[in-house]
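Top to bottom, those sequences are chains S and H.
Heads up: the first sequence at position 57 corresponds to 57 in the working numbering, and the numbers run straight through without jumps.
Heads up: the second sequence at position 163 corresponds to 163 in the working numbering, and the numbers run straight through without jumps.
Worth flagging that the hints you see were computed from the coordinates, not collected in a lab.
Do not rely on the hints blindly, as some may be mistaken.
Claimed, not checked - Rough simulated footprint, nothing fancy, chain H against chain S, three-plus residues with beta-carbon under 8 angstroms: (1) 27–36; (2) 44–55; (3) 69–81; (4) 140–148; (5) 151–162.
Claimed, not checked - Taking lysine-lysine and the DSSO-like style, the derived pairs with C-alpha atoms no more than 27 angstroms apart in a straight line are: (6) S:K24 with H:K186; (7) S:K24 with H:K75; (8) S:K24 with H:K358; (9) H:K70 with S:K24.
No experiment lies behind these values; they were computed from the predicted model shown.
Ideal Cβ placement from N, Cα and C applies to all residues, glycine included.
One-letter residues, chain by chain:
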Amino acid sequence: MSEERAAPLLSAAVREAIVAETGKYPEPRSALLMALHMVQAELGYVPLAAQREVAAILGLRPIEVREVVTFYPMYHEHPVGRRHVQVCANLGCALTGSRAVIRGLEERLGVRCGERRADGAYSLEEVQCLGSCGTAVCVQVNNEPFIENVRPDRLDELVKAIG
Amino acid sequence: MASERYLLPPDGTDWRGLETFRNAGGYAAAARALRAMTPEQVVDEVKASGLRGRGGAGFGTGQKWTFMPKPGGPKPSYIACNADESEPGTFKDRQILERNPHLLIEGLIIAGHAVGARAAYVYVRGEYVAPFRILSEAIVEARAAGLLGRRHFGTDRDFDVHVMRGAGAYICGEETGMIESAEGKKGQPRKRPPFPAVYGLWGCPTTVNNVETIAHVPAIVRRGAEWFKTIGTSTSTGNTLFGVSGHVVRPGVYELPLGTTLSEIIYQHAGGVRDGRALKAVIPGGVSMPVLSAEQVDVRMDHESLRQAGTLLGTGGIVVMDETTCMVRAAIVVARFFRHETCGQCTQCREGTAWLYKLLRRIEAGAGEHADLGTIEAVGGYMEGQTICALSDAAAWAATGFLRRFRAEFEAHVDGRRCPLPGSFEP
């Protein structure tokens, strides 16, 4: 698979799901955040071409979509790793060793924090509080449920859970 | 003080399924409110209970509801339920969403009746993937059982609950930032007035309530305001969900009466400080709230006692730090958070959060001057009370709170030209 391949257009299923989502609100624009989550679940990121398609479905200007994509940290305008690993570095997790977890993952996954591995397998990111302070350290991969109670001295388990 | 739960199921269990929830007495309060109480009676009961919002500001819930217009106005009314739990140290609403989602739905039904809302929109933070799914399933179940939707509970009223996801921006936990976001925009807070009760979601009257706040409402309707007032203190009534994290033996969420002492929460419920170490500092209500020192640990966890101690109850998210913890590093983590989460609208906040972070980094690196401590106070002063929303104030309080409470440790960094606690956690 080439890195530079053009982004596929949105599938019929995603288009239908976006239209269905608009039914929940008095104004279709309110479906935008949910629509972008659907796009990202399908494509792995939200390229400009997909933003234009979402804009067309919701009756928005492309800039109205892009300003949302770039405002919210969860949306990626550029490709991330197939396994996008996010480690919480806020206080509860920091006190419990998240910095050591990040360093350990850089080594094990062969990718620096804030970057994407050349083969596209992994990207690693430090994120703000995930709302899991009681089960720190907390890690989230892609859009999946949390991996909790991560310990810097049990990284084998974590790497296995990341997959 | 009796400590009886009414928010969370017994440890290790959940009431996710409708049958389970009903067997535990669920939806009886909603049925009673819809069939036997007028909206005014519900509002009066909640007002009389003294319930205050559990999202951080502690505003009277019943009073907030009275700001909504009478039904029959030109525009529909809505409830916006804040499940954008993002304040570091806070992970309590997630317990309700994951383990007792029907309690939230029941509370929303009662609140919807009280304020005459057409629907409630629950804004769940984007990272809460499992809670979103669990709440969505509970809503489907409630609709199928006629508890939501057209002519719900066999009444002549229609009411529905919808869920939507955020996408990682802390500022969307601010009520007008959340409304903007729910409209499909950047989550930049609005200037007030007009307040959401006049001009909220889609320009319609809207009441914004936190998840836990709503979850208290069924118990108030079922057992009455007088019962509710027997729990907690005279001005901070009811139980609340305290989240305890950091250097404790048993981190977790504890449902306890407001006014419980901080030391009871840390030493009895959370098992004390980890590895037999001594306590050094505690943040009592999420990282926006000024830190307390170990000597203040006997403070009662209610609005008035914490205000007297120089801090605030906030979200009840308690972060415990042991004797090894460097206070400048802790302040760095918090300052980095606010620098990342400022929405950028107001200059004081956008620039101030970056300044605070840089100053703290410099001090931690051993390159700080005594004048930098004064600059932190000055920058904090410029950031307070000057901006559209309270994020700027929170960032200022957090940084100046660490400095004022642990000034000697900041000075030791400057004088020694290095961190005096090299074994501390890494920020």
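Hints versus structure:
1. 27–36: Since three or more residues must qualify, the claim that chain H covers the stretch 27–36 of chain S holds, with 8 doing so at under 8 angstroms.
2. 44–55: Not satisfied, violated; 0 residues make the cut.
3. 69–81: holds (count 5)
4. 140–148: Per the Cβ count (5), the hint holds.
5. 151–162: Violated - the stretch 151–162 of chain S has 0 residues with a Cβ nearer than 8 angstroms to chain H, which falls short of three.
6. S:K24 with H:K186: 20 angstroms, holds
7. S:K24 with H:K75: 17 angstroms, holds
8. S:K24 with H:K358: Outside the cut-off at roughly 44 angstroms; violated.
9. H:K70 with S:K24: 24 angstroms, holds
Against the hints set out earlier in the document, violations occur for numbers 2, 5 and 8.
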